[in-house]
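**Student:** The chain contents come next:
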Amino acid sequence: MLDSKVPAGPLAEKWSKHKFNLKLVNPANKRKYTIIVVGTGLAGSSAAASLAELGYNVKAFCYQDSPRRAHSIAAQGGINAAKNYQNDGDSVYRLFYDTIKGGDYRAREANVYRLAEVSVNIIDQCVAQGVPFAREYGGLLDNRSFGGAQVSRTFYARGQTGQQLLLGAYSALNRQINKGKIEMFNRHEMLDLVTIDGHARGIITRNMVTGAIESHEGHAVLLCTGGYGNVFFLSTNAMGCNVTAAWRAHKRGAFFANPCYTQIHPTCIPVTGDHQSKLTLMSESLRNDGRVWVPKTVELAQKLRKGEIKISDIKEEDRDYYLERKYPSFGNLVPRDVASRNAKEVVDEGRGVGASGIAVFLDFEDAIKRLGEDTVRAKYGNLFDMYYQITDENPYKQPMRIYPAVHYTMGGLWVDYNLMTSVPGLYALGECNFSDHGANRLGASALMQGLADGYFVIPYTVGDYLAGLGFDPVDKNHPNFEKTRKEVEENVHRLLSLKGSKTVDDIHKKLGHIMWEYCGMARNEVGLTKAKGLIQELRREFWSDVTVLGENEEMNQSLEKAGRVADFLELGELMVDDALNRRESCGGHFREESQTEEGEAKRDDENFRYVAAWEYQGENQPEVLHKEALEFENVKLTQRSYK
Amino acid sequence: MSKSRHLLSSSLGKKLIMSLTGLFLCTFLIVHLIGNLQLFYNDQGKAFNDYAHFMTHFTPIRVVSYLLYASIVIHAIYALVITIHNRKARPVKYAVYRGSANSAWNSRNMGILGTVLLVFIVTHMSNFWWKYHNDGVPYIEYRTDLATQETTVTELIGDEYTDYVKYIDNDVEVIKAKDLYKQVQFTFKNWLLVAFYVISMAALSFHLIHGFKSAFQTLGFDHKKYAPVIRFLGVWLFGVAIPIGFAAMPLYFYFSS
Amino acid sequence: MSGNMNLTLKVWRQKNDKTRGKFVTYQANGISQDMSFLEMLDVVNEDLVRKGEDPIHFDHDCREGICGMCSLHINGRPHGPKQGTTTCQLHMRSFHDGQTIVIEPWRASAFPVIKDLAVDRTAFDRIQQAGGYVNVNTGGVPDANTIPIPKVVADEAFESATCIGCGACVAACKNASAMLFVSAKISQYALMPQGQTERYSRAQAMVAQMDAEGFGSCTNTGACEAECPVGIKLTNIARMNREYLNAKIFKEEEAH
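Residue numbers (this note's numbering), protein chains in the order written: chain Z, 1 to 643; chain D, 1 to 257; chain B, 1 to 256.
These are calculated hints, taken from the structure and not from any lab test.
Please read these numbers as outputs of a predicted model, since none were measured by experiment.
Just so it is clear, CB atoms sit at the ideal spot from N, CA and C, and this is done for glycine as well.
It is possible that part of the hints are untrue.
[Said to hold, decoys possible] Computed list of lysine-lysine pairs in DSS-like fashion (alpha-carbon distance at most 30 Å, straight line):
#1 K88/D <-> K82/B
#2 K499/Z <-> K18/B
#3 K181/Z <-> K32/Z
#4 K251/B <-> K14/D
#5 K233/B <-> K225/D
#6 K509/Z <-> K51/B
#7 K10/B <-> K88/D
#8 K233/B <-> K379/Z
#9 K251/B <-> K225/D
#10 K82/B <-> K93/D
#11 K18/B <-> K486/Z
#12 K131/D <-> K182/D
#13 K499/Z <-> K10/B
#14 K93/D <-> K15/B
#15 K397/Z <-> K82/B
#16 K82/B <-> K486/Z
#17 K251/B <-> K499/Z
#18 K251/B <-> K509/Z
#19 K15/B <-> K14/D
#20 K10/B <-> K93/D
#21 K326/Z <-> K303/Z
#22 K151/B <-> K502/Z
#23 K251/Z <-> K483/Z
#24 K379/Z <-> K51/B
#25 K93/D <-> K22/B
#26 K82/B <-> K224/D
#27 K233/B <-> K88/D
[Unchecked claim] Selected chain Z positions facing chain B (Cβ under 10 Å, derived; list incomplete):
#28 A128
#29 A157
#30 L528
#31 T529
Construct the entire structure; sequences and hints are all you get.
**Tutor:** Below is the structure:
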């Protein structure tokens, strides 16, 4: 059993007490420590800036050409905080409760409560940085209800909340770079973790412009490298998002928790063809006014797909508003996992729309009739424009076509209450860790978690670890640095020696198909077992028949991609293992074997109320499962129902 | 002192110089046009020549005129400095550059327009200013009977003119002056020169349509309510009225001779 | 689903900043109208890799128009022929069968080419580092609703803050000037009450860094505004000028 190091005591006092009990580093001694931060999204930027403000020396790394481009920037909807500015009954406890329930009781209570607790500080911090949140005419902050929440607790900046929050954190980062407290490495990719005596003491990076493989030493390493959704090839993640840093850390001893928990977002623009490189999300606020439907019969759907009839030819009684039909009380606003799964179901029945048949309609005809086109435009204009631009279809005149897409990964490196992984000195923050969202993340909670970890958790907890270390600088001549660097170099050259007939994208697309087909919205024993074999086969194909061009000593996007896909090919198998192991349905993980009579997800709390943390055992060796039991002292476990 | 030097060496400082000298030249154009409208008086140049003398001999105006010459020189030099700097900012040019898709032609070619105007100013000053100051123009005497307002005009030759005079003798106003008016009449018989003047005024129009509003932008003036006034003035006063007013002069003399 | 457009691409290829580059012509066949411009390049690159040729390098990441990493000067215009669009959101239906497309990197001395179409835009980072922030530490800040901000002010600040830092303004400007970018950030803080305490020193520091990076000078052609994929307005440049001149001429003491 894993020790989560959750402090004892009443839920509401845990964090305050814990903060008091954490060891402190004397202000004058902080400059004797160097902390490595990998990734500059919300978690990374906020952590790097906050730690530098405290006096630590920080080395920050990002693979993009600027820290400002991390994919946190693409978050649209907003950020939750239990401010209760709207006087509608919100509280820290309610945000905690909603998050635990939304995560289908697979998150750690204490972490989630802390998240809800510091959420209020995040908003204060961002406003102080000059983040231009949406405001009411009276000049105070505006809130909206998001993702089916019963209270309005979501702060937002039009449809670009992630951008504004990230630019705020980026500004704090810049301030410390200017002061010389942060050394920033753009276009550097972490390729391995260096451990000395079992402690994280540095990283190996590749300079993506010159190819130089470099060692960086530090007293602690923070991985803020986001999620692994790109294992599916197509996702709403940025093209460069990857699991490499986390995966290499995993191979150096960090446990990987709940890898099978992936969130599939219901309102994305459908795939148009094989050329497609990524999927575009549209804010789920669209479901507030749009109605989801498909034709009632397969015959009608076929005619529509072939263009024999027009959408307007389908009579009202021949349209199946399946979410409204099945979930009369929540209707189109059911949680993301439910909406996604139902879309897959109707498409699998052959009732999908669009040329490919892999889409459902999101129709605004009634909303336009009811509210007028101008009101609809004011609410969703930018989303409609985006849709129009990408699809060349006018959503004011015909229904949008939507389909679910991989969006967020709740799984990640296992961390304790201090956000430390199973490798001492190695921390994981934000989407990179597994801790706060359980099996399903609520809307507007990702930004909250990234900033909570970076601004308000890690500055306290990292000190506790450092205070126990002594002041010696990390020995950069320790043989482990050179050894690890050599291994990275060998791996790079191994990749560059591959001269087969397939491109890296060929393999990545195949992997994506396997994952989507067997480890996507619905999973079962047979499919998962098949997928495991297919992935192993694909991995062999990669290492024998892929081609990687160019040389190391230059900007080489072939090489970058190859390294990332090689790691995805290993992670994919672990995801399948984890999904196989978890013979229950919970949140984003739907095992067909475990459903209610009505076809809804059915948890098995007796047998699976735990975090599955996997320990790497070496190449092609089955990983070892460690369990962290989830204790619910404050909330009662219930089966979710949205009927 | 150090701060202002720093200001002027910054990119925004250089733009400030361009904008201030440019706006000063714009105000001059208004005065110059209004004064020169006297060319259209049917008085054989009496008012115009009298005005010309006043403008060249009244001390405050002479001070301003030196400021004006300085402005022209500074405006041109800074334009050159900025242009060289801007060229350096893009050492490798685009193979394809579609400026017309995103900006107006004149705004991208202020240097060319400005060069035309500089050549024009040199030509214009050598035609009139230089000749006026170096005895290159004829002389004239106006005798006006104040009672009847009848004027007799006599061309003065050589020694008959010593200096500008203006006096009243027996209810007759006598003015002896350099006859710049005649010089204007004479100059604008040359169609090549007339054409050059008209083209230059077209250049002025395009230069100012961009330049006037641009100067305010550089000074940081931007206001929802009042900026449109600036744009209106830039187009209709400086882009249309003033260039047409000036261009009308050579055309008037060419076609009326 | 492959398409039916055949295109000729003239692409700038350059190994690194020390070597000279040149245009190389490629055929892009079977291109679908539904592809984004970058997906079209992906197709070309896949072909190149299969032939054992080095793929065309270009910067890109989010492919949804917000990260600002994609660039490309396409047929004489940054981010291509459509206004208000980044290259990643430009679709091939904006082109026609048989068309020749010339693709160049951003051209500016402050944006040296790294490889092919990828350029180094860290100059933008350095300008932000010079003063594009409010000096507050994490924690110890007042409650978010302590200072009411009029909605119009917050909205205007937001408009300025939406800059994605892609560099299209520099690329479009005939002078390779970065003033739209710099002014957007200065504007955001000049408008927000939180930015007031340092507004004058910020304007000076950021303009000084902008000059040091070797960007050109603004001649108010408005090309930047017209090409900006997120519609940052020239008004910002006026505001920056105002802030800077005010700082230099009147507020020297406040602008330490």
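**Student:** Each hint: holds or not?
**Tutor:** A quick look at each hint next to the structure:
1. K88/D <-> K82/B: 29 Å, holds
2. K499/Z <-> K18/B: 28 Å, holds
3. K181/Z <-> K32/Z: Cα-Cα ~12 Å, so holds.
4. K251/B <-> K14/D: Roughly 19 Å between the alpha carbons, so the hint for K251/B and K14/D holds.
5. K233/B <-> K225/D: 16 Å, holds
6. K509/Z <-> K51/B: This hinted pair holds, its Cα atoms lying about 19 Å apart.
7. K10/B <-> K88/D: 26 Å, holds
8. K233/B <-> K379/Z: Satisfied, since the Cα-Cα distance of roughly 23 Å is no more than 30 Å.
9. K251/B <-> K225/D: 27 Å, holds
10. K82/B <-> K93/D: Since the Cα atoms of K82/B and K93/D sit roughly 22 Å apart, the hinted pair holds (cutoff 30 Å).
11. K18/B <-> K486/Z: Holds: K18/B and K486/Z sit about 28 Å apart, inside 30 Å.
12. K131/D <-> K182/D: Holds, at roughly 12 Å.
13. K499/Z <-> K10/B: With a Cα-Cα distance of about 28 Å, the restraint between K499/Z and K10/B holds, given a limit of 30 Å.
14. K93/D <-> K15/B: Satisfied, since the Cα-Cα distance of roughly 18 Å is no more than 30 Å.
15. K397/Z <-> K82/B: 22 Å, holds
16. K82/B <-> K486/Z: It is violated: about 48 Å lies between the C-alpha atoms, which goes past 30 Å.
17. K251/B <-> K499/Z: Roughly 64 Å separates the two Cα atoms, so the pair is violated.
18. K251/B <-> K509/Z: 59 Å, violated
19. K15/B <-> K14/D: This hinted pair is violated, its Cα atoms lying about 37 Å apart.
20. K10/B <-> K93/D: Roughly 16 Å separates the two Cα atoms, so the pair holds.
21. K326/Z <-> K303/Z: Between K326/Z and K303/Z the Cα gap is close to 25 Å, so the pair holds against 30 Å.
22. K151/B <-> K502/Z: Violated, because 55 Å separates the two Cα atoms, which is more than 30 Å.
23. K251/Z <-> K483/Z: With a Cα-Cα distance of about 15 Å, the restraint between K251/Z and K483/Z holds, given a limit of 30 Å.
24. K379/Z <-> K51/B: Not OK: K379/Z and K51/B at ~49 Å, beyond 30 Å, violated.
25. K93/D <-> K22/B: Given pair K93/D, K22/B holds - Cα atoms ~13 Å apart, limit 30 Å.
26. K82/B <-> K224/D: 28 Å, holds
27. K233/B <-> K88/D: Measuring from Cα to Cα gives roughly 26 Å; hence the hint holds.
28. A128: For A128/Z, the interface hint holds, since the closest Cβ of chain B sits about 4 Å away, which is under 10 Å.
29. A157: Holds, about 6 Å.
30. L528: 29 Å, violated
31. T529: Violated - the Cβ of T529/Z stays beyond 10 Å from chain B, reaching only about 32 Å at its closest.
In summary, the structure is inconsistent with hints 16, 17, 18, 19, 22, 24, 30 and 31 from the numbered list given earlier, while agreeing with the others.
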